[in-house]
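Chemist: Okay, here's what each chain looks like letter by letter:
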Amino acid sequence: MDNTKKLTITINDKEYKVDPGQTIMQAADKCGYHIPRLCYHPKLSIEGACRVCIVEVEGMRNFIASCCYPVADGMKIRTNTRELRQARRDIVELLVDNHPEDCHTCERDGNCELQRLVYSMGIRHRHFTGERKHYEKDLSGASVIRDPDKCILCGRCVRMCSEIQGVHCLTQAHRGFNTVVMPAYNMPFAESVCSGCGQCINVCPTASFVEKNYTQELFEKLNDKSLIKVAQFAPSVRAAIGEAFGLAPGRNMEGQLIAAMRRLGFDYVFDTQFAADLTIMEEGSEFLERLQGNGPLPLITSCSSAWMKYVEQFYPDMLDHISTAKSPMSMASAMIKTYWAEKMKIDPKKILSVATMCCTAKKYEATRPELDVHGMRATDLVVTTREMAWMIKSAGIDFVNIKEEKPDSPLGLSSGAGAIFGVTGGVMEAAVRTAYELYTGETLIDIELADIRGFKGVKEAKVVIDGKELRLAVAHGLGNAHKVMEMVRKDRNRFHFVEVMGCPGGCIGGGGQPYATANSIPLDEEALRLRAQALYDLDRGKTIRRSHDNPDIQRLYREYLGRPLSEKSHELLHTHYKAKLPRGIVSPELKIV
Amino acid sequence: MAKTSTKERATPATHEEKLAELKAHMAELQKQENAQSQLISILHKAQSLYGYLPNHVMDEIAQTMGIPTAHIWGVATFYHYFKLTPPGRYEIALCLGTACYVKGAAQILQAVKDELKIDVGGVTEDGVFSLAPARCLGACGLAPVAMIGEKIHGELTPKKVVQILKDYRKQAEKDK
Numbered sequence: 001m002d003n004t005k006k007l008t009i010t011i012n013d014k015e016y017k018v019d020p021g022q023t024i025m026q027a028a029d030k031c032g033y034h035i036p037r038l039c040y041h042p043k044l045s046i047e048g049a050c051r052v053c054i055v056e057v058e059g060m061r062n063f064i065a066s067c068c069y070p071v072a073d074g075m076k077i078r079t080n081t082r083e084l085r086q087a088r089r090d091i092v093e094l095l096v097d098n099h100p101e102d103c104h105t106c107e108r109d110g111n112c113e114l115q116r117l118v119y120s121m122g123i124r125h126r127h128f129t130g131e132r133k134h135y136e137k138d139l140s141g142a143s144v145i146r147d148p149d150k151c152i153l154c155g156r157c158v159r160m161c162s163e164i165q166g167v168h169c170l171t172q173a174h175r176g177f178n179t180v181v182m183p184a185y186n187m188p189f190a191e192s193v194c195s196g197c198g199q200c201i202n203v204c205p206t207a208s209f210v211e212k213n214y215t216q217e218l219f220e221k222l223n224d225k226s227l228i229k230v231a232q233f234a235p236s237v238r239a240a241i242g243e244a245f246g247l248a249p250g251r252n253m254e255g256q257l258i259a260a261m262r263r264l265g266f267d268y269v270f271d272t273q274f275a276a277d278l279t280i281m282e283e284g285s286e287f288l289e290r291l292q293g294n295g296p297l298p299l300i301t302s303c304s305s306a307w308m309k310y311v312e313q314f315y316p317d318m319l320d321h322i323s324t325a326k327s328p329m330s331m332a333s334a335m336i337k338t339y340w341a342e343k344m345k346i347d348p349k350k351i352l353s354v355a356t357m358c359c360t361a362k363k364y365e366a367t368r369p370e371l372d373v374h375g376m377r378a379t380d381l382v383v384t385t386r387e388m389a390w391m392i393k394s395a396g397i398d399f400v401n402i403k404e405e406k407p408d409s410p411l412g413l414s415s416g417a418g419a420i421f422g423v424t425g426g427v428m429e430a431a432v433r434t435a436y437e438l439y440t441g442e443t444l445i446d447i448e449l450a451d452i453r454g455f456k457g458v459k460e461a462k463v464v465i466d467g468k469e470l471r472l473a474v475a476h477g478l479g480n481a482h483k484v485m486e487m488v489r490k491d492r493n494r495f496h497f498v499e500v501m502g503c504p505g506g507c508i509g510g511g512g513q514p515y516a517t518a519n520s521i522p523l524d525e526e527a528l529r530l531r532a533q534a535l536y537d538l539d540r541g542k543t544i545r546r547s548h549d550n551p552d553i554q555r556l557y558r559e560y561l562g563r564p565l566s567e568k569s570h571e572l573l574h575t576h577y578k579a580k581l582p583r584g585i586v587s588p589e590l591k592i593v
Numbered sequence: 001m002a003k004t005s006t007k008e009r010a011t012p013a014t015h016e017e018k019l020a021e022l023k024a025h026m027a028e029l030q031k032q033e034n035a036q037s038q039l040i041s042i043l044h045k046a047q048s049l050y051g052y053l054p055n056h057v058m059d060e061i062a063q064t065m066g067i068p069t070a071h072i073w074g075v076a077t078f079y080h081y082f083k084l085t086p087p088g089r090y091e092i093a094l095c096l097g098t099a100c101y102v103k104g105a106a107q108i109l110q111a112v113k114d115e116l117k118i119d120v121g122g123v124t125e126d127g128v129f130s131l132a133p134a135r136c137l138g139a140c141g142l143a144p145v146a147m148i149g150e151k152i153h154g155e156l157t158p159k160k161v162v163q164i165l166k167d168y169r170k171q172a173e174k175d176k
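In order, the protein sequence lines correspond to chains A and B. So the first sequence is numbered by the numbering used here: it starts at 1 and just counts up by one. So the second sequence is numbered by the numbering used here: it starts at 1 and just counts up by one.
FYI, nobody ran anything at the bench for these hints, they're computed from the structure. Where hints are given, some of them may not hold.
Unchecked claim - Within a straight-line C-alpha distance of at most 25 Å, the following computed SDA-like cross-link-like pairs (lysine to any residue) qualify:
| hint | chain 1 | residue 1 | chain 2 | residue 2 |
| --- | --- | --- | --- | --- |
| 1 | A | K578 | B | T64 |
| 2 | A | K578 | B | D59 |
| 3 | A | K133 | B | T98 |
| 4 | B | K18 | B | H44 |
| 5 | A | K468 | A | L297 |
Turn these sequences into a full structure, and let the hints guide you.
Modeler: Right, dumping it as structure tokens:
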């Protein structure tokens, strides 16, 4: 077929010229007809399972699923006839028939794609009363909860987990009415290869996957007068939380978030971005050490919790490449319970350290015993952006109009380098800014690394430090991480420094970010781009853009840690990894986007 | 099918021997293109060796073939042929074909279920019996029939089948 020639089709009796090589749904989208859909997601393979997107094509005996049928010249398509509406409605009614009737007590009430679909189909009664499935919830995982009763078997989670994340934790087991999405051997999440990334939550149209919710516990503890409540929040939270309040993506809500958290009852609000600067000091120094022959190269970053669990299960033979530096969250918590507690003369046992993260895997990270400081758990509670947004709403705080506030000192001030930690390539960019100067003693003029910005799966770049060419690689999404790890396995000299973030787009696309709204799709690339831009703008707006120039970081080293990689740093800011079972298997057929 | 697996299990083989045979089968397949698409053939082989698909054997297949364990689990649970629990020492294949059904197979099935306290596809707690439906055993003249282990029992009545099961159980206890 001549791929350059336009096709002539009619949709609902109007004629359109469309490009060949696309599906009816894609063509209709471009012509301004939104065909209802459910199992379809543009980033995932076509499943064609739900049949919600059926259309009528003249000359065809049956309705056809528009997501998986290519347009052809002369096609006469109808998207909204009486018969179609009835058929679609029946399909959705049958889906709903095998779904609990508990919308008003459901975690996703008001945020549910199925609910919206049911409403838009005009279903106002439940006509069918067939058998309904019932399974136990899987509450074992530290990050993600699975509730098969709410599952409508669209398969988006399974495809996300395998095609984009390369984790292959989930499958559709059994058949027909008995089909259930589950890990291998129906193992509980806690004993599976689940990385905790939470992308299944992001793409789930219902509440079949949700994060382990700590909002009630946090409300309880915020009312406990005997505790000193200390908050920190990740860079990407500020870039996305506005969406949960109806704002367009990409509004930096840092000041509002700090103010709202104080109203919720936090005594001190620190910024994880400060600890991102601290991570750069340690990780950057570790990189320079390894560059001088002390330790294996490439050095691979370790900030992303999902990535850490993934690497321990999928690449246990390559753990010596992983930076021993803790993640910014865990560094901040360690500093809160030692440096800050000592400075304030507070008993660290009385501190409640709470992190608001764009991430679900951080909930698991917080439970890792090797991250304890002086026998205490470093991060007591982790809530996601979604949970924090809910708490703010639940407490009746006018988030959008609240007067902006600044974080507390001395763990609040951050450089621009700390801000860009939330977007793919950001950790690398921040590390280069500091490593360059620590190594050469000169100031890096052009501090923005364009080659490692953007959403390409694996990005490569070169920088020259003191006449030495360094090869860098950046991957986001665990599927791309797999790709870069295979490159490293093949040739350990190919790269000097590798950054991996477990989620698509980096933390900005984390599993704990606000749900897609009625007019958007989960992990919409434009929304991710705007969130990233918010962080890049934050960086550009700062006078201090390099981690080592942050005066509070300098003070922390002067007063407490001594220097990067000191004995004290090693004790409080570094960790270790060990191989975990079950061992993960990455299929060579992985689809990488 | 029940017959084949009983026979295979009768040939004494250690776990190591079975695994070696399974690995040889996979190695043979890996010489071909798209070896991963041979998963069902591998699962057949594994079941013929072990009588069912133990999790550790599926792990072995996953590691060797580079097929994610969850994917193997999806395939193994999709097909009724694949057994995920060890079959009982005596596999009961109860015929539910037309002739047997007309002659009261449903009542026989109920009697077996009540006696053994298991459902179709289940295994008794002591591992002596497993129960599976069969379509036609080709012995319609003896309907209703059941095959227990490798022996055909015909002209069953609920009472008779219970007595037969008791006899097998006695035999199993003696063998212990």
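Chemist: Look at each hint and say if it fits the structure.
Modeler: Structure-based check of all given hints:
1. Among the hinted pairs, K578/A with T64/B is consistent with the structure: their alpha-carbon atoms are about 23 Å apart, no more than 25 Å.
2. For the suggested pair K578/A and D59/B, the alpha carbons sit about 21 Å apart, so the restraint of at most 25 Å is met.
3. Under the criterion of a C-alpha separation no larger than 25 Å, the hint pairing K133/A with T98/B is inconsistent with the structure, at around 31 Å.
4. Using a Cα cut-off of 25 Å, the hinted pair K18/B and H44/B holds, with the two alpha carbons roughly 13 Å apart.
5. Straight-line distance between C-alpha atoms of K468/A and L297/A comes to about 15 Å, which keeps the hinted pair within the 25 Å bound.
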